[in-house]
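Visitor: Chain by chain, the residues:
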Amino acid sequence: MKAITGNRLSDGAVVYLRDDDQWTTQRSEAARFDDDDIAPVLSAAQLRVREIADAYIIDVSADGAPAGRTIIRETIRGAGPTVRGDLGLQAECCA
Amino acid sequence: MPLLKLFGSDFAPALEEPLQEVSLEDWCDNPQAHADATALVIENDIGVEHFAEDLSSFRIIILNFPTFKDGRAYSQARLLRERFGYTGEIRARGDVLRDQALFMVRCGFDAFEFADEDAAAATAALAEFSFAYQPAADRAEPVWRRRLDRPAAA
Amino acid sequence: MYRYDEFDATLVGERVAQFRGQVERRLSGELSEDQFKPLRLMNGLYLQLHAYMLRVAIPYGTLSSLQMRKLAHVARKYDKGYGHFTTRQNIQYNWPALVDVPDILDDLAEAEMHAIQTSGNCIRNVTSDQFAGAAADEVEDPRIWCEVIRQWSTFHPEFTFLPRKFKIAVTASQNDRAAIRLHDIGLRIYTNDAGEVGFEVIVGGGLGRTPYIGHTIREFLPKKHLLSYLEAVLRVYNLEGRRDNLYKARIKILVNAGGVEKFTDMVEAEWAAIRKSEIDLPAEEIERIRAYFAPPDFEALPAESAALEQKRKGDVAFARWLRVNTVAHKASGYAIVNISLKPVGGIPGDISDVQMEAVADLAAQYSQDEIRATHEQNLVLPHVKKDDLYAVWQALAAQDLATPNISLVSDIIACPGLDYCTLANTRSIPIAQRISERFADLEQQEDIGELKIKISGCINACGHHHVGHIGILGVDKKGEEFYQITLGGSGAEDASLGEIVGRGLSSGDAVSAVEKLVDYYRENRQDNERFIDTYRRLGADPFKEALYAAA
Chain A
1 MKAITGNRLS DGAVVYLRDD DQWTTQRSEA ARFDDDDIAP VLSAAQLRVR
51 EIADAYIIDV SADGAPAGRT IIRETIRGAG PTVRGDLGLQ AECCA
Chain B
1 MPLLKLFGSD FAPALEEPLQ EVSLEDWCDN PQAHADATAL VIENDIGVEH
51 FAEDLSSFRI IILNFPTFKD GRAYSQARLL RERFGYTGEI RARGDVLRDQ
101 ALFMVRCGFD AFEFADEDAA AATAALAEFS FAYQPAADRA EPVWRRRLDR
151 PAAA
Chain C
1 MYRYDEFDAT LVGERVAQFR GQVERRLSGE LSEDQFKPLR LMNGLYLQLH
51 AYMLRVAIPY GTLSSLQMRK LAHVARKYDK GYGHFTTRQN IQYNWPALVD
101 VPDILDDLAE AEMHAIQTSG NCIRNVTSDQ FAGAAADEVE DPRIWCEVIR
151 QWSTFHPEFT FLPRKFKIAV TASQNDRAAI RLHDIGLRIY TNDAGEVGFE
201 VIVGGGLGRT PYIGHTIREF LPKKHLLSYL EAVLRVYNLE GRRDNLYKAR
251 IKILVNAGGV EKFTDMVEAE WAAIRKSEID LPAEEIERIR AYFAPPDFEA
301 LPAESAALEQ KRKGDVAFAR WLRVNTVAHK ASGYAIVNIS LKPVGGIPGD
351 ISDVQMEAVA DLAAQYSQDE IRATHEQNLV LPHVKKDDLY AVWQALAAQD
401 LATPNISLVS DIIACPGLDY CTLANTRSIP IAQRISERFA DLEQQEDIGE
451 LKIKISGCIN ACGHHHVGHI GILGVDKKGE EFYQITLGGS GAEDASLGEI
501 VGRGLSSGDA VSAVEKLVDY YRENRQDNER FIDTYRRLGA DPFKEALYAA
551 A
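Residue numbers (our numbering), protein chains in the order written: chain A, 1 to 95; chain B, 1 to 154; chain C, 1 to 551.
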């Protein structure tokens, strides 16, 4: 499965595209797409240049966790630096 | 593709006069066949220093920015102006944004094929900096000279 | 220290105003991200994994206490209470919002600081010897020439869209603390046989995918010609450097592809055409800049301090810190203090706003208001009276800034790696932390002696692994982190590139590998040999054997 991610333009925060076409900082809320369906979704997302600095496709497993070749990168990106557990989304979820 | 030209420190729209363009290579191969050419197009991988002495017959030289990141034409323009005394128009073509305009003017460009800039915005971009640290083709007085000319503090 | 006059202040202020306009154009959608990216990079603003990252220049590594306080203020007000000192005498903030960056830059400008040309394919922040102006072994203060270069290179109209980034380092000592042979241009100030002071010009060094030691293209350049000669080098590079392949675009490739002689001929020909132009500064302007770097008024003090000797004898921990973290100063009765940003298990180069304020306090009280940033991600108080060392040590220790490990096994250079960096393949910081924890015993560290470990999380080599005595390079293999060891590199005056030994290791094995290499060295060293000396004497093979024998 695939999902769409990017960094929010105003502050660079990591965001994911949700089913209702809004951006969310919660990876668990990311919309999941079949591999064949995602190209037009990405094209549409990339047009939203005032909302995000970039947008790209990531591999996710059926439960929404990062998968594939960029698994470490996307896991860290979604959670926060592994060396600063007090920063990033990982800090929010467990606070 | 609006053509803007530099008049003093202002940009103004210029009429798109019909040009007879010839590439440096074609012209070198057979100058007689291109005797009526008015604009010489020099790609940015050509060393102008090998040809420049013969270029004064052209009213316009067009230098190319295939992408804004490719800055070779800045050096070409300075060589044309400062080493070979070329006084005709040097026109920037290609990926030309107002954010590069001041650098281009400082290197000797005076005409610009902007993708999408109006004259007022481009002129404002030229005025963003009051001084320059280093001398270049625009003969702007470098900061060190202004410092020397400054009246001594009382 | 250099102070801005109205020209410098105006230009920096105008740059902030320009960037504020560019940010507005980006937020309104007038500029696309592709168009905006080079503009933000020229102002030091990256987009990393979790957020934007702002890289602020500390020109040639010199800071006042006021400037350090301003850095602390930025960390507190706009970021998450810390900053990260890099290997190029810059500081990075990891969490600024784009919409705040113009305000951050305005605040920095109040303290005569900026982020100009800290990224992009232009001439970057000029780096220098962190002991400049204090070192006993220097010919003159190299920062005079760094400031000359800073001004010449700032908004240089011809050299803002070079094939790739361009880094210049200057030193005036035989002991190279600025890694000049690993820069695009390295300048060494020295006195020639005729008694004249000038520059040795070294071009084409660099790390990254294809590391090279730089070549000397001019043995002696009179000082007055510095800028015209640099302009000639840059013009040749701008016109001739490769632009078809990102990985072959640095000047080192141009120099080495056609040969040093050919490159030198091109530079000399270009220089012959421009050396009489107005590029070089008149003597008056050089003297104006030189005056800012006049040595502070050092007191006439005896070489030894009785107060210091008494404390040294009475306090083993203080004595150790004195041995390891302080260096001889050129003025009698003074010392240079290194501040370690590498506490055991810490993140190399990271510093909190509170620590920054503490360092600023110490600089104001004890070090002529001066602080330096080093390319090894530490700080320096350059001018401390020996009488004051004990008080300085206590204050540093209270802030966890007195780890006595400068140049030792736990004084590790590490790039931010995949914990922050969007280019990285693997993490670097956790490896540094684990090695430093493994070697936490200070007595053992001091016994091991000088050992430079440098860690990069990808082939771009921001952690300088090629020139580590032990280098560690992270490589990604199908979503797993592996680490490759290199041995025998050096970034100092005896510059050399490390040799890769064997296959990639898991992170745990990489830490153990360092331990095995260190054990082998300790068993086989002679006299006062450092790790690198023993390695050079014995060669790679026995070290490889030690590494893989028991694995």
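No lab work stands behind these hints: they were computed from the structure.
This one's a predicted model, so the numbers in the text were calculated from it and none came from an experiment.
Take these hints with a grain of salt, some might be off.
[Stated by the list, open to error] Pairs of lysine-lysine, DSS-like flavour, derived with a Cα cap of 27 Å:
| no. | chain 1 | residue 1 | chain 2 | residue 2 |
| --- | --- | --- | --- | --- |
| 1 | C | Lys165 | C | Lys37 |
| 2 | B | Lys69 | C | Lys37 |
| 3 | B | Lys69 | C | Lys516 |
| 4 | B | Lys69 | C | Lys165 |
| 5 | C | Lys311 | C | Lys330 |
| 6 | C | Lys276 | C | Lys311 |
| 7 | C | Lys262 | C | Lys248 |
| 8 | C | Lys165 | C | Lys248 |
| 9 | C | Lys276 | C | Lys262 |
[What the hints assert, rightly or not] Label pairs and their in silico Cβ distance ranges:
| no. | chain 1 | residue 1 | chain 2 | residue 2 | range |
| --- | --- | --- | --- | --- | --- |
| 10 | B | Phe131 | A | Asp20 | 46 to 54 Å |
| 11 | A | Glu51 | C | Asp5 | 51 to 59 Å |
| 12 | C | Glu196 | B | Leu148 | 19 to 27 Å |
| 13 | C | Glu196 | B | Arg147 | 22 to 30 Å |
| 14 | C | Asp400 | A | Thr25 | 29 to 37 Å |
| 15 | B | Asp116 | C | Phe298 | 58 to 66 Å |
| 16 | C | Asp265 | B | Arg147 | 33 to 41 Å |
| 17 | C | Ser407 | B | Gly8 | 56 to 64 Å |
[As the list claims (entries may be wrong)] Computed footprint of chain C on chain B; a stretch qualifies when at least three of its residues, placed anywhere within it, have a C-beta under 8 Å from a C-beta of chain C:
| no. | segment |
| --- | --- |
| 18 | 68 to 74 |
| 19 | 124 to 137 |
The beta-carbon is built from N, C-alpha and C at its ideal position, and this holds for glycine as well.
Visitor: Are the hints correct? Go through all of them and say.
Guide: Verification of the hints:
1. C:Lys165 - C:Lys37: 15 Å, holds
2. B:Lys69 - C:Lys37: The given pair, whose Cα atoms are some 11 Å apart, holds under the 27 Å limit.
3. B:Lys69 - C:Lys516: 47 Å, violated
4. B:Lys69 - C:Lys165: 12 Å, holds
5. C:Lys311 - C:Lys330: 23 Å, holds
6. C:Lys276 - C:Lys311: Answer violated: C:Lys276 to C:Lys311 is near 59 Å, above 27 Å.
7. C:Lys262 - C:Lys248: Given pair C:Lys262, C:Lys248 holds - Cα atoms ~18 Å apart, limit 27 Å.
8. C:Lys165 - C:Lys248: 12 Å, holds
9. C:Lys276 - C:Lys262: Judged against 27 Å, a Cα distance of about 23 Å means the pair holds.
10. B:Phe131 - A:Asp20: 46 to 54 Å: Since B:Phe131 and A:Asp20 have Cβ atoms about 52 Å apart, the given range 46 to 54 Å holds.
11. A:Glu51 - C:Asp5: 51 to 59 Å: Distance hint for A:Glu51, C:Asp5 is violated at roughly 43 Å.
12. C:Glu196 - B:Leu148: 19 to 27 Å: Holds - the Cβ-Cβ distance for C:Glu196 and B:Leu148, about 25 Å, lies within 19 to 27 Å.
13. C:Glu196 - B:Arg147: 22 to 30 Å: 27 Å, holds
14. C:Asp400 - A:Thr25: 29 to 37 Å: 33 Å, holds
15. B:Asp116 - C:Phe298: 58 to 66 Å: Check passed, 60 Å falls within 58 to 66 Å.
16. C:Asp265 - B:Arg147: 33 to 41 Å: At 36 Å between Cβs, range holds.
17. C:Ser407 - B:Gly8: 56 to 64 Å: 58 Å, holds
18. 68 to 74: holds (count 6)
19. 124 to 137: holds (count 9)
Against the hints set out earlier in the document, violations occur for numbers 3, 6, 11.
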